[in-house]
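J.: Chain by chain, the residues:
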Amino acid sequence: MELKPGSRWRSAVCDGEFVVVRPPKTPVSLECGGAPVIPHGEARGQGAPSADHAAGAGAGKRYADETSGLEVLCSKAGAGSLSVDGRPIAPKDSKKLPASD
Amino acid sequence: MHTALLLDMAADAAPDRLAFGRLADGLTFGQARHRARAAAAWLAAQGGDTVAFIGLNGPALPLALFASGLLGKPFAPLNYRLPDAALNRLVARTAPSVAIVDDDMAGRIEAAPGVALVTRSAFEAAAAGPALAGAELPDAEPDIAVLLFTSGTTGEPKGAILRHAHLTSYVISTVEFLGSDDDEAALVSVPPYHIAGISAVLTGVYSGRRLVHLEAFTPESWVETARTEKITHAMVVPTMLDRILDILAREGEDLPALKALSYGGGRMPLPVIERALALLPHVDFVNAYGLTETSSTIAVLGPDDHRMAIYADDPEARRRLGSVGKPLPGLELEIRGPEGEVLPPGQVGEIHVRGEQVSGEYTHRKLLSDDGWFATNDGGYLDAEGYLFVEGRLDDVIVRGGENISPGEIEDVLREHPQVEDVAVLGVPDDRWGETVAAAIVPKGRAPAAEELAAWVKARLRSTKTPEVWEFREALPYNDMGKLLRRQLRAEMTPGA
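Chains as they are written, first to last, in this note's numbering: chain D, 1 to 101; chain C, 102 to 598.
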């Protein structure tokens with residue numbers, strides 16, 4: 001999968017949707033619910049997140065993999081959690097700034 | 102990433118929350134997405150590569166912005182306050198385009214080759230109508246999202262380019278998705294053709310906050326709308342705030358629903374922000390500094406900094422009320438000297454920034470350095486704790502006998518004089534010094550003597566910074582965003598010009 005900045009993906013096993021914010025430095029596999037994500041335009045089949053990848057992903061949260069540099073934004077929440085090449089990746093701490101616009 | 106995805110996310114997560122308009126008849130996020138898609142399908146049929154927008158604020162603005170984004174066409178809101186000839190030159194520059202024009206402004210716009218004119222009422226009807234709901238949209242590659250023409254005080258306005266990537270990067274790195282409570286509402290009074298008018302739509306949507314647009318700013322309508330719409334957040338420019346405070350003070354109104362007021366777009370006079378803090382003690386004040394070319398805010402002075410500054414005994418902390426706070430976390434900021442060297446804290450130089458939200462690009466020119474830095478043309482410095490102080494445009498620096506003098510600090514000192522209502526300091530040509538310091542004063546009541554004001558400045562700064570030319574006036578020239586028209590003033594104050 002080519003994880004280009006701005007490209008959109010969906011989970012193959014739950015409602016989760018994602019957009020790439022920062023690409024990985026080397027090719028990696030992005031998974032949700034334990035299964036590789038699929039391009040946003042494709043329909044997902046049957047299946048459910050595997051038990052060890054079912055912590056969920058939250059809309060608006062950013063997930064980063066330090067090893068590869070990949071960073072994605074969850075654009076739609078889902079029951080599966082994210083991993084890169086099998087490594088679970090965690091949401092980044094977000095420091096809320098005061099509204100300025 | 103695409104700006105329309107911001108609306109999609111809000112509409113998926115909170116479809117029934119009010120997004121745009123009044124409590125009584127506003128659009129929900131779900132309805133707004135629906136209408137933006139119908140509007141996009143309708144606009145696609147009108148042709149053109151760019152979508153121009155000539156009109157007042159209102160829910161049509163965000164719909165047109167997102168619809169343009171869905172089509173992958175740049176959205177170009179134009180300054181309808183320009184004289185007809187200048188406005189028509191801008192319209193012609195957007196060709197090939199479709200221009201959405203307020204019905205009562207349509208008579209001002211001349212036919213131009215490659216520009217299809219549609220009225221705002223036709224656009225709004227198409228967005229709301231059932232015919233195009235669910236229409237298929239082309240899969241647009243996100244590129245240029247917004248084209249903003251700068252005010253152009255010299256020559257023709259420059260078209261600043263903001264791409265989807267710049268704007269979405271700014272939004273997702275500064276705003277918490279659906280971070281607003283569902284009773285929050287922001288009042289937008291900056292016009293559609295200003296960067297703050299665009300960023301207000303994008304950050305408001307992503308935070309899940311209802312946006313109420315003032316068609317055009319008057320202090321009376323601002324206060325009235327803030328009261329009736331239970332406004333919790335707003336952004337104003339300094340001159341707006343001063344006029345709003347006059348009304349609040351006169352009416353004894355304290356806007357209990359208001360939680361946060363941000364300001365930017367020019368230097369905030371210290372007496373104005375001090376009065377605001379005193380009149381609205383329950384409100385969080387935020388000073389934001391940014392430029393069109395940086396997708397809005399790049400530095401923020403937050404509410405706690407304001408309170409610390411106003412209650413501080415420490416002069417250093419107190420001075421921070423005049424700073425624009427600290428640079429945003431995801432952004433690099435440096436102060437550089439004339440040779441490009443990075444300057445240490447306390448030294449004044451040019452502000453440079455680098456980051457994903459920084460575009461630094463115009464229609465025919467890219468101003469970013471090869472390694473991504475943008476020179477802002479603003480002078481300023483960082484203090485020891487990293488607070489940024491902006492001294493104004495480098496073009497406005499007065500060079501007197503080889504010494505660089507910033508008008509801002511002299512203006513601040515003069516503004517504290519009890520008989521000074523408004524002031525502008527600038528350089529005028531001088532045979533002996535090259536330039537000398539001149540001050541235009543709007544007196545409060547009886548005009549003070551020039552000698553008295555000169556002594557006032559000299560006692561607080563030093564003699565080279567003391568104006569030698571004084572002029573007393575009834576008013577100073579400002580544009581509609583409250584920006585002082587220094588070049589015009591300089592021409593008026595230059596002897597023999």
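The set of hints was computed from the structure by calculation and includes no laboratory data.
Some hints here could point you the wrong way.
[To be verified] With a cut-off of at most 25 Å between alpha-carbon atoms, the simulated DSS-like pairs for lysine-lysine come out as follows:
1) Lys92(D) x Lys584(C)
2) Lys360(C) x Lys427(C)
3) Lys331(C) x Lys4(D)
4) Lys96(D) x Lys331(C)
5) Lys545(C) x Lys566(C)
6) Lys4(D) x Lys25(D)
7) Lys96(D) x Lys427(C)
8) Lys92(D) x Lys25(D)
9) Lys92(D) x Lys61(D)
10) Lys92(D) x Lys4(D)
11) Lys545(C) x Lys559(C)
12) Lys96(D) x Lys61(D)
13) Lys360(C) x Lys96(D)
14) Lys61(D) x Lys25(D)
15) Lys584(C) x Lys566(C)
J.: Which hint numbers doesn't this structure obey?
T.: Per hint list: 1, 3 violated.
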